[in-house]
Amino acid sequence: MTGLAMAAALIAAPSFAAPAADAPDPAADLKAFQKYFRDKFPKVKFEDFVNGPYSMDEGLYRQWKEKEEFPPYEFALDLGKELMAKPFGNGKTLADCFPNKGVGIRQDYPYFDTEQGKVVTLELAVNQCREANGEPPYSYVKDEMAAVTAYMAFTSRGKPFDVKIPDDPRALAAYENGKRYFYTRRGQLNFSCATCHVQSPGERIRAEVLAPALGILNAMPIYRSEWSGMGTTSRRFTSCNSQVRGVPLKPQDEDYRDLEYYLSYVSNGLPISGPGARP
Amino acid sequence: MASSIRVRATSRGDTTEVQALVQHPMDSGFVKNARGELIPPHFIQRLAIEHDGKPVFVADWGPAVSKDPYLKFAFKGGKAGDELKVSWTDNKGATDQLTTKIQ
Amino acid sequence: MNGSSSDRATLSRRVVLQGIATIAVAGVAGLRFDLTGAFAAANDAYPEDAFRQKSEADAIKALYGKTAEASDKVRLDAPEIAENGAVVPVSVSSSLPDVTSIAILVPANPNTLAAAYRILPGTTAMVANRLKMAKTGNVIAVVEAGGKLYSAAKEVKVTIGGCGG
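Residue numbers (our numbering), protein chains in the order written: chain C, 1 to 279; chain W, 1 to 103; chain R, 1 to 165.
Note that these hints are calculated values from the structure, not bench results.
For every residue, glycine included, the Cβ atom is placed at its ideal position computed from N, Cα and C.
A portion of the hints provided could be inaccurate.
[What the hints assert, rightly or not] Derived Cβ-Cβ restraints for the label pairs, each shown as a range: (1) W:Lys79 with C:Gln199: 47 to 57 Å; (2) R:Leu96 with C:Asp96: 55 to 65 Å; (3) R:Asp58 with C:Arg157: 45 to 55 Å; (4) R:Gly122 with C:Gly158: 36 to 46 Å; (5) R:Lys148 with W:Gly81: 33 to 43 Å; (6) R:Leu120 with W:Arg8: 16 to 26 Å.
Extracted from the complex, chain C is given alone in its bound form (with noise of 0.2 Å):
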């Protein structure tokens, strides 16, 4: 962590005249935050990051391959399909709340939302608009919302993530926010996020290969072997939270969207690859 900071300090340095040492600079993050990466792991192609684990293991990735041929979310594409053009009582659609009804569009997500005063995630997004219309929310961790996501994230697939951190000071204290939660440790196992996705990307874990943190949710929502069925990102985060032994926000807490919204940005520029499968 030390490393990351000072290397975030001396690539901000030189093209920002005398920033404060602790003013927040997303953008000099993000260059420190994939050099670091990039560095750490110089055989893996940039744009590989976004397949996690199986970027850092070669009989992993056969696998994977092996998977790909008739991936395990097939099924849920279908249904995210279906439920995205599906009528609600009011006879609109989900697919009517988004831009491009909802396709292609996975990119922009999480944004932040200055009229709401917070960031919306894609997650966020969907269950607004079913409320909105009078339907009930889908529950954030599985089954329909996946699904969309799914569906969502597989026709925007090859496209970089591209969230923007508007001028607004309300938006860069967010991404502050999420930045810390992302380097509290916390949980019985005193962990950070960053413990197992910045430090230890590669390694294992128990029987586990980490993923780096860089583009881990380019591939979101995914397939886990580990749960036979599909996760959202909120799933992703209260199991790893779990996972350290710590208690786990509510899907959609505050902390949890405004750390989408750090972990995304820092990984602008790589192309989405959801929904992934995972061990």
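Guided by the hints, dock chains W and R onto chain C, whose structure is given.
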């Protein structure tokens, strides 16, 4: 309700390659649920494939086949537009089938 | 298995029905009650008994009524370390002539036989599927060709078992 069966059948030269994916829990009977109770076995026992009405492949499965089973095989003959019928039966007597065309 | 009474009822009814079917087939074939195994040509029923066997030898015997010999003409592809025991990609192919069946066994599982495939005339001697493995152990491929059995084995390390909740 969408079919539980997805099939990709492609004809290349004199061979047709078939890949199928079936949505099924394939419960082994050895796994417990969140309340600690065993989930009873529930798995596909037989999956059969016919090309233009003639059987080309029969799969007999036990509960050790993964959830949402996947299968790949190939047979001689078959050309784009030919009919391929995939059907399955599970240990509870449930069945499903899908007729598709070779690409 | 928790074998509720209704499960047992269904099962025994199926066994009875299957028994009738077997007798009917055997009747047509001239009352062949010899021990030819479930996969003998005249028998088209689901090999329920073979799937119940605990040992490799018993499962092969129940399925084919004979034993297999190792052969380098049986090609078995499986990962060295499974990413997750719940989904282990396994494929089997063979260059042997007259292949009529391919079976895949996982002796470390509670029941050994995982899958048995009938390779009908004109069908290529190749199959790929995804299997569950409870723990580290061999995967065994058995190929029936020209009435004889040939086999190959490969060890797959399982660090995350495929039978957990």
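Status of the hints after comparison with the structure:
The supplied range of 47 to 57 Å is met by W:Lys79 and C:Gln199, whose beta-carbon atoms lie about 55 Å from each other. For the hinted restraint 55 to 65 Å between R:Leu96 and C:Asp96, the CB-CB distance of approximately 59 Å keeps it satisfied. A hinted range of 45 to 55 Å for the beta carbons of R:Asp58 and C:Arg157 is consistent with their spacing of about 48 Å. Hint check: R:Gly122 to C:Gly158, Cβ distance near 40 Å, so the stated range 36 to 46 Å holds.
The beta-carbon spacing between R:Lys148 and W:Gly81, approximately 38 Å, falls within the hinted interval of 33 to 43 Å. One distance hint, 16 to 26 Å for the beta-carbon pair R:Leu120 and W:Arg8, holds here, with the actual separation near 20 Å.
This entry satisfies every hint, going by the numbered hints stated previously.
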